[in-house]
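*Asks:* One letter stands for each residue in the lines below.
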Amino acid sequence: MGAMTVQVEGLSRRYGNIRALDGVDLTLERGITGLLGPNGAGKTTLLSVLATINEPDAGQVSVFGLNPKDRAERVEIRRRLGYLPQELGYHRHFTVAAFLDYVAILKEIVDRRQRAQEVARVLAAVGMERLGRRKIRTLSGGFRQRLAIAQALLGRPELLILDEPTAGLDTEQRLRFRELLSNLPGDPVIVLSTHQADDIAAICPRVVVVLEGRIHFAGTPAALAETAKGHVWTAERRDERAHMSWRDGDNRWRHIGDRRPADSETAVPTVEDGYLLLSHATGTR
Amino acid sequence: MTRIFDPPEPVAGANRHPSADLLAGYADRGIDEVVAWSVEAHVASCAECRTTVSAHVDGERLARNRSVLLALTAIPDGGWGWRLAWRCGIPDHLLRLVAATSSLRRSWLLAVVGVLTVVTGEAVLVHHLWPPGGVSPHGASAAGLAPFLLFGPLLVLAGVAGAFVPALDPSYRLAVAAPFSSLTLLLVRALSALVAALVPVVCAAFVIPGPVWLPAALLLPSLAVCALALAAVTAVGPVRAVVVSGVLWAVPVVLLALGRSPLETVQSHGQAFCAVVLVVAAGVVFIRRDRLEMGWAR
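Order-wise, the sequence lines are chains F and H.
Taking the working numbering, the leading residue of the first sequence gets 1, the next gets one more, and so forth.
Taking the working numbering, the leading residue of the second sequence gets 1, the next gets one more, and so forth.
So here's chain F without its partners, still in its complex pose (with noise of 0.2 Å):
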């Protein structure tokens, strides 16, 4: 396994009869990679492994070099972690710059101005500088989101993941969340998973689609997008016979399936497009 990146080897976990990952082989460079997959395809679980949170049955984790097995190479992937699970509870009593100093005292920064700097520099980073006095229960969702993401960032970290990092946030929000994660110094490794194909078209140089706990493409979000060439056409009527279809913006009917529709016209697919009929095809949707 190579020490510079993150990598994966026939991982697989169970949890009772459900297999949440089947034999996943991975390899994650710097940069930002995005999941993409269905509720219960395994991305958490599988963000949870990488996370060092949850043991696979079997298969190998290998995280620069370290493996989490061994206790001190454990603690050692954690000084170089950022994460943001899916559902993050908090101390609601605490405040927003109280929470973030927990979190800071957790990465063990325990010089007190060593972690206000940390604060003011994720704060300022999330665009919420001036509600650190603010208690989390008076937070709308957004900005709990916001808070998420912020405390992810505490400790400059090498390796991030972020869970449905975008849920909640609107639109501003989220592109404010794009050049966040574009412009973080020090390259680090990012993975994210998501719901959103725009996201993933719009920031994700790699893409990886889990299904069924395997996965099913890793690649360019082009190259995802050009699997859906030749099977993405509009038409002005409904074809039953596509495998999904919907009315696009300028109000025509957009089908995805093997037949062309009558009086249709080609359209060029998108990332969206090419993860919807990959689902197809593996009979998850």
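Hints were generated in silico from the structure; no laboratory data involved.
Each residue gets a CB set at the ideal place from its N, CA and C atoms; glycine is no exception.
Treat the hints loosely; a few may be bogus.
[Said to hold, decoys possible] Here chain H is said to cover these stretches of chain F; the calculated rule only asks that three of the stretch's residues, wherever they fall, bring their Cβ under 8 Å from a Cβ of chain H:
hint, stretch
1, 87 to 98
2, 228 to 240
[Claimed, not checked] A few chain H residues that don't get close to chain F, going by computed Cβ distances all over 10 Å:
hint, residue
3, C46
4, G246
5, S261
Based on the hints, put chain H in the right spot on chain F.
*Replies:* Below, chain H without anything else, positioned relative to chain F:
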């Protein structure tokens, strides 16, 4: 020492201004500390020099420092208890970790006080209705202590459980994925919760109509039942560990209460048994402490 002024006069007086070089050095923190104090004293009362200094200050650094100051003032301490503990030498980062313990929240402690009030009130009521040596059924007054003897150590156990049961820590997954030693975190929180719960329990024991040695007699059983839970966590899930420990305390108390002698659980034989449990459990916790580290678990 650096020669700082054009003339050999004092650094700054009412009618003299520091040189431009000195003000620049002050802004860059490049001058002797004592001299900086003199400059600072002058700048504080001289608008002209303040303007000169601000021209030398890096705007970005100023903004950064301002953000840090904002953050510092926004990070609150936990009130008088926090300040007292800090003055006693407990590092502020440990106090922050303790502040995130569910069983140290005011609402939790109020619930503890509420339960204690009920069981204490019950014991007082029974004592007045059937005073010892009266015409009451034999041992009724002692039996009235049973709820207190049952709930006292259980409340302490619940407090300690709040320190390590994942469902009671909203940001549990962050703690797991962080490098800070989860064993240290658990022990710091458990100890704080133990003390916070023991204090009201022991105070209630002073109020309750029972033997004078009762407050002291509750300490060992409370410690034993908590240590047992921590030892059990090294083998089974946290919730199961707490339930098993609680049941192991409740069963003898209830059985002895049915026999009208609940105090036996905290008398000599009970104390000896609790001491053995405490020592063995502490040994198990020490030997199997690696299993208390969180994460990378199935």
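*Asks:* Work down the list of hints and note, for each, if the structure agrees.
*Replies:* Cross-check of the supplied hints:
1. 87 to 98: holds (count 11)
2. 228 to 240: It is violated: at least three residues are needed, and the stretch 228 to 240 of chain F offers just 0 whose Cβ sits closer than 8 Å to chain H.
3. C46: holds (29 Å)
4. G246: holds (25 Å)
5. S261: holds (44 Å)
Hint 2 alone, counting from the list given before, is not met by this structure.
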